[in-house]
Every structure is written in C-alpha cells, then in structure tokens.
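So the sequence lines, in the order shown, correspond to chains A and B.
If you're matching positions, the first sequence starts at 0 in numbering that gives the first Met the number 0 and goes up one per residue.
If you're matching positions, the second sequence starts at 0 in numbering that gives the first Met the number 0 and goes up one per residue.
It is worth saying that the hints were derived from the structure and are not from the lab.
Please note that the accuracy of each hint is not assured.
In silico EDC-like cross-links for lysine to aspartate or glutamate, where the CA-CA straight-line distance does not exceed 20 Å [stated by the list, open to error]:
| # | chain 1 | residue 1 | chain 2 | residue 2 |
| --- | --- | --- | --- | --- |
| 1 | B | Lys116 | B | Asp5 |
| 2 | A | Lys341 | A | Glu5 |
| 3 | A | Lys341 | B | Glu83 |
| 4 | A | Lys341 | B | Asp85 |
| 5 | A | Lys341 | A | Glu2 |
| 6 | A | Lys341 | A | Asp180 |
Covered stretches of chain A, as calculated for chain B (at least 3 residues, CB under 8 Å) [to be verified]:
| # | stretch |
| --- | --- |
| 7 | 77-88 |
| 8 | 270-283 |
Every residue gets a Cβ at the ideal spot worked out from N, C-alpha and C, and that includes glycine.
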Amino acid sequence: MQERVERTLLRGGLPVGAVLAALIVGGALVSALGVSPWDAATTVATAGFACDPRYCNLGGTLALGAPIMFCALGAVVNLRSGLFSIGQEGQYALGGLAAAVVGSAASAPTGIHPALCLLAAAAVGAAWGVVPAILKLFLGVNELIISIILNTMAGLLLNYLVNYPLRAEASTVGYTRTIADTAKLPVFDPSTKFGLAFVLAVIACIGVWFYLSRTTFGYEQRMSGEATAFARYAGMSATSAVLRAGLIGGALAGLGGGVQVLGANYRVIEGFSDGTGLTGLTAAILGGTTAIGAGVVGILYAGITVGAVNGLQIMLGVPREIGSTVLALMIVLVAIQAPLQKRIERARERRRTNRRLDAGTRPSTEQAEVHA
Amino acid sequence: MNVVADFLNSGIRMTTPILFAAIASLISARAGILNLAIESKVLLGSFTGILVAAWTGSPLAGVLAASLSGALIGAIMALAHRFEVDLVVLAIGLNILVLQLTVFLMRSFLGGVGTYKPDVSTLTPITVPLLGDLPFVGHLLNRWNVLVYAAFLLVGLLALWFRTRAGRHLLAVGEAPGAAASSGLPVARTQVLALIVAGAIAGLGGSFLSVGDLGMFTRNMSADRGWIGITAALLALNRPGLLIPAAGVFGLASAASIRLQQFDVPASLTQFLPQGAAFVALVLVGLRARSRGRFLQLWRSSSRIPLSRRRAPVPVDEAVSTTEVEPASAATTRTGPP
Numbered sequence: 000m001q002e003r004v005e006r007t008l009l010r011g012g013l014p015v016g017a018v019l020a021a022l023i024v025g026g027a028l029v030s031a032l033g034v035s036p037w038d039a040a041t042t043v044a045t046a047g048f049a050c051d052p053r054y055c056n057l058g059g060t061l062a063l064g065a066p067i068m069f070c071a072l073g074a075v076v077n078l079r080s081g082l083f084s085i086g087q088e089g090q091y092a093l094g095g096l097a098a099a100v101v102g103s104a105a106s107a108p109t110g111i112h113p114a115l116c117l118l119a120a121a122a123v124g125a126a127w128g129v130v131p132a133i134l135k136l137f138l139g140v141n142e143l144i145i146s147i148i149l150n151t152m153a154g155l156l157l158n159y160l161v162n163y164p165l166r167a168e169a170s171t172v173g174y175t176r177t178i179a180d181t182a183k184l185p186v187f188d189p190s191t192k193f194g195l196a197f198v199l200a201v202i203a204c205i206g207v208w209f210y211l212s213r214t215t216f217g218y219e220q221r222m223s224g225e226a227t228a229f230a231r232y233a234g235m236s237a238t239s240a241v242l243r244a245g246l247i248g249g250a251l252a253g254l255g256g257g258v259q260v261l262g263a264n265y266r267v268i269e270g271f272s273d274g275t276g277l278t279g280l281t282a283a284i285l286g287g288t289t290a291i292g293a294g295v296v297g298i299l300y301a302g303i304t305v306g307a308v309n310g311l312q313i314m315l316g317v318p319r320e321i322g323s324t325v326l327a328l329m330i331v332l333v334a335i336q337a338p339l340q341k342r343i344e345r346a347r348e349r350r351r352t353n354r355r356l357d358a359g360t361r362p363s364t365e366q367a368e369v370h371a
Numbered sequence: 000m001n002v003v004a005d006f007l008n009s010g011i012r013m014t015t016p017i018l019f020a021a022i023a024s025l026i027s028a029r030a031g032i033l034n035l036a037i038e039s040k041v042l043l044g045s046f047t048g049i050l051v052a053a054w055t056g057s058p059l060a061g062v063l064a065a066s067l068s069g070a071l072i073g074a075i076m077a078l079a080h081r082f083e084v085d086l087v088v089l090a091i092g093l094n095i096l097v098l099q100l101t102v103f104l105m106r107s108f109l110g111g112v113g114t115y116k117p118d119v120s121t122l123t124p125i126t127v128p129l130l131g132d133l134p135f136v137g138h139l140l141n142r143w144n145v146l147v148y149a150a151f152l153l154v155g156l157l158a159l160w161f162r163t164r165a166g167r168h169l170l171a172v173g174e175a176p177g178a179a180a181s182s183g184l185p186v187a188r189t190q191v192l193a194l195i196v197a198g199a200i201a202g203l204g205g206s207f208l209s210v211g212d213l214g215m216f217t218r219n220m221s222a223d224r225g226w227i228g229i230t231a232a233l234l235a236l237n238r239p240g241l242l243i244p245a246a247g248v249f250g251l252a253s254a255a256s257i258r259l260q261q262f263d264v265p266a267s268l269t270q271f272l273p274q275g276a277a278f279v280a281l282v283l284v285g286l287r288a289r290s291r292g293r294f295l296q297l298w299r300s301s302s303r304i305p306l307s308r309r310r311a312p313v314p315v316d317e318a319v320s321t322t323e324v325e326p327a328s329a330a331t332t333r334t335g336p337p
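Construct all of the structure, not just a fragment, from the sequences and the given hints.
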C-alpha cells in the first residue's frame, strides 16, 4: 500500500517537477526584466483564462485553441503510427489556403459552403501529409527531415501564391480575397471569434480517440507504431497503416488551417504559416501523444499564448515569446525526466529485493551459527 | 568571366555555414549518435556570436563564444544520452527552445523586434597577397574571412584524423559500440567528446552567419541551415571526402537563388532551389539501401520511438506459414488420441 502510494507520487511527481522547473526558469527570465514573476503568472492566468461579461478572455483562448488542437491531433495520429512526421506546419498552411480559395471563389448555400471549404482544406492537408509517408515507404526517405523541408516549401509556396496569383488587391502585404459570408463558420462570441471551430475541434478530439483506441484500423495503426514486430507478425500491413497515418494526420492539420481561416481570419495573409503547426506538435508531445491529452494541452497552450500576448506583452511589456520559450523548455525537461524516473524505479526495486533477501536469509544463518 | 567568379565566390560563402553544420552532423553520426539539434546549435551560435562581439568589440571573441555556446548544447545532449534520454524528442524541444529564447532575449534586452544590429565590425576578409591581384582568382577570393578557410580546412583535417589511432577509435565506437567497449575503448567518453566537438563546430557555423557575414542577428537566422547540413552529411554518405561537394550543392543552390532574384523572380520561388536540392538529396539517400540502414541504426541507438518499416527482416511468407501451421498441428494432436 505504502509502496503503491510512493510509486504514484514518483510517477506523477517527476513530470510535475519538470513542468515546475520550466515555470521557475520562465519566472527568472521575467524577473530579469524587472517584472515580478507572481504578477506575470496572474496576468497570464487572467488574460488567458478569465471570463467576465464584458470581454471573455477564455473565448479567445478557445478560439485560438481550435487550430492548435487540430494540428496536435494530426501530430498524435502521425506519431502513434510509427510515422515521425512533423509536417503539421505545412499541412496547416496549405489547408488554410485551400479553404480561403474555395471560400472566396466558389459559391454555395450557407450550410454547405463551410463544409465544402473544410473538405478542400482536409483534402489538401492530406495530400501534403501523405507525401512524407509515400517517400518513406517507397523510397526509404527519413520522414522527420523531409517533413521539415516540406514545411519550408509549403511556407514558400503559400507566400508566392498569396503574393502573385491569388493576391487580392494592391497592398503592402500580400493577402487573398476575403471569403464569402456564406463560408464563414458561425461565431458564438463576435469579440473573441469563439465559435463552431472549437466545437469541431472537440469533436475531432473525441473522434481521434475513438478511432485510435476503439476501431480495428486504429488498433492496427497503433500497433504498427508501438509494437512493430508484433504488428508484422500478426499480418498487419505497415504500409497501409503508415499511408493512413499520413492521410489522416495531414487532413487533421489541414482542417486546423481551414477552421482558422473560416472561423477567425477570413483570408490568408503572407506569413500565415506562423508556427501554429509546430505549436500543435509541441502540445501533442507534452500531452503524451494521446488524443485527449493533446486536446487538453492544446487548450492550455492556447491560453498561455493568449495570456502572453494580451497580458504579458501588452500590459507588462514582456515579449510574448516567453510563453513558447517556457513550453519548449517543458518538452526538454519532460524528455529528460522520463529515463530518470525509470532509473529511480529500478534502483528502488533492487533495494526492495535486497531487503527481502536479507530478511529471508538472516534467520537461517543465525540458526546455522547456533548449530555450529 | 568575373560573373562566374563572383557566383562561385558567393556560393562558397553560402556553403560555409552548411559545411560547418554538415561536419557537426558527420562527427556525431560517425560516433553513433543521431544529432538532430544542429539547427539549435547554429542559431544559438549566431546569437551568442554577435552578442559577445558587440560586448567585447572583438569579432574573434564572438566566434569563440559562439563555438562555446554550441558546445554547451552538445554537452547537454551528451549528458542526456548518458541518461538514455530520447534524443529525437530532446532535439525537437531544443530546436524550438533556442528559436523562441533568442527572439525573447533579443526583444527584451537588445531592443530589436525582428533584428539586432549592433555597431560592430564583422570578421575582416583575408587578403591573399599575390593571388588576389589575378583577374579571375581575385574575384573568387574576395570577401572570404577566416571562417570560410577554416570550414574547408576542417574537412581535410577530419579526413586525416579519421586515419589516426584516435580517429579510428571514434569510428569503432560508432560502428560497433559493444565490440569497442569489450576491447577496452571508452565508448561513453568518446561519444560525449564527439557531441561536444560537434556542437562547437555547429556554433562556428552560426557565428559565420552573424559575426562573419552580416554583422547582425535576425529572428530564425539559421533558416534550416542545420537541417540542410544534416542532409548534406547524409548525401556525402558520412564520408569526409564527399562532404565538400555535397555541401557545395546546397551552397551553390542558395547563391543561385539570390542571383535569380536580380532577374525579378520572386524570392519565395527562388528559395525553392536549396530546399528542392535538399528534397532530391534525401530521396537519393533513401534509395541507397545501405545508407538507409545506417540511418535507421542511428535512430534506434538514439531514440526509443519506433519507426514502422515496410520491409520485414523476417520474410513475411515464413512468418505467416508458421502461424498457420501451429493451430493445424494442434488440431491433429487433439484429434489423434480417440
């Protein structure tokens, strides 16, 4: 009983310790700017998560959370299936662009238009996301490095398209035409753009969880990622699992770009690929590459980002990059604590066995001495 | 004629940071470690380099500091490797951390939003006494500083060093750590040193960008050069002899992309050249089964994330037939007795 409590404390304690250590470093950075870390923390919390009737900050967080969650889910599907692609950034960018094009060029009734746009976003995201999977399977290319190259290429392609063929009107920064009113996703709170996009993200979150842990396809995919040898032995096709991972992951990240355009931006500006996909990847890793974990961390991440921009940068004058710095530090520290935890557990196990062995052998030696 | 010389000149200048990154990747790979954090080392190197150069007024001090900062990340990775930390996840975290931290520090302490341009002189170009006066060579050698020569010299030194006793030991550690350990080589110490040296070299590449060339720091200054360096090392099959041509491809592609912008081709299109070269290079590396196998081996020694593969080491037919035979034989034994 006591051992079990100690073990749970250890298992939960080290990751929490890693997160706290990252927060302490963040606090130190903030206090180096002459701002009290406590003030900074409360500012982030209120600017990111508070909600009062006049202006609901939480709404802004949830609105920003939607694209991040979609990208995080895309990353989860990829990482869990043995496809280490981190190309969510590019899929997000091109998905958003596809939604903007369909939203402004095509015309359709109110209910159908957003669905068409999202379909285009998912299709383009899937097409871009399946590239690393195909290259990996049929040409043996490492997907991690190629997906970074593909991210840069998508960013360049977006900047070119937005500046030349799809440019709306003469302006200093290139952007596409605004999407038609019929294509906009319904918004519950106009001031923060909190709306249907977030609901879709939550549905996607549950959908990915269900797919990965409750369906045969999802099971095959997880097994080809987690237990490669077993999957092969059981006759599951790694090829189709990895292809599915590329398609589904890409479609999810593409949808992220789609909801961002249809729900908040209403057009694509040069530099649309601003790190949302990377943020999603970070959330997926910190969320333990599970669908629900990635969703929750995605919302937290959005809150910290909103808090860092609206709270720290605007109110206290601390650059907003502090938020992403602390979160990246969390990845580093959480990665470092994982094997430490294993080591400590192994050492405790050894000590316990020794103690038991000592307890078992000592009486017999004493008896032997008595007999002698 | 001078146009060609100028083109080669800028191509070789653009090769320099990529070459430094490629050397760093090569040393880590040959020591048996997959080093994906080179991007962060290059970026931190260029940040620290310009900062220290502005602070001390000496560009050389900046270069030294850049190399130390790269070595620091290398040391962190080495320490993490000894504790069996997943180096792939750690590297992703480090890359994002350095990208965000440098922007944060620049905005909060150096007053710049997107760039930091202190009043500091860059490394002085080396003037070669006699060759510099020749028509073609003069244009070719123009604006090269000590780091350009250092990068190319380092490749030669590395090739020589791999033929010495200590170099062979490093190769042995990377090739077969178990065998190396059983013959008394200090595997862990060799890998730690290799990672630290690789970090220092990647940091030098970063300092070339800021102190060596432009005299300023911009957000995400490394701009994928670390990743392209890793690609170049892969393309060179991790052999020093092929490293200069492999890195040169990307350097010349970058130079060509800048050249093309003079003809009113948009920058977002011309920049496809180096990225496209990297794409093709990765496909070529993947097509070569042996280098793919080497890379997978590196991945497995540095990360616990399994990568699913299509081709099974055990022929699939055999695996299927054994699973089918077992129940069949069990059925016969069960029906046998009565």
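Evaluated hints:
no.	hint	result
1	B:Lys116 / B:Asp5	26 Å, violated
2	A:Lys341 / A:Glu5	14 Å, holds
3	A:Lys341 / B:Glu83	10 Å, holds
4	A:Lys341 / B:Asp85	13 Å, holds
5	A:Lys341 / A:Glu2	16 Å, holds
6	A:Lys341 / A:Asp180	55 Å, violated
7	77-88	holds (count 6)
8	270-283	holds (count 3)
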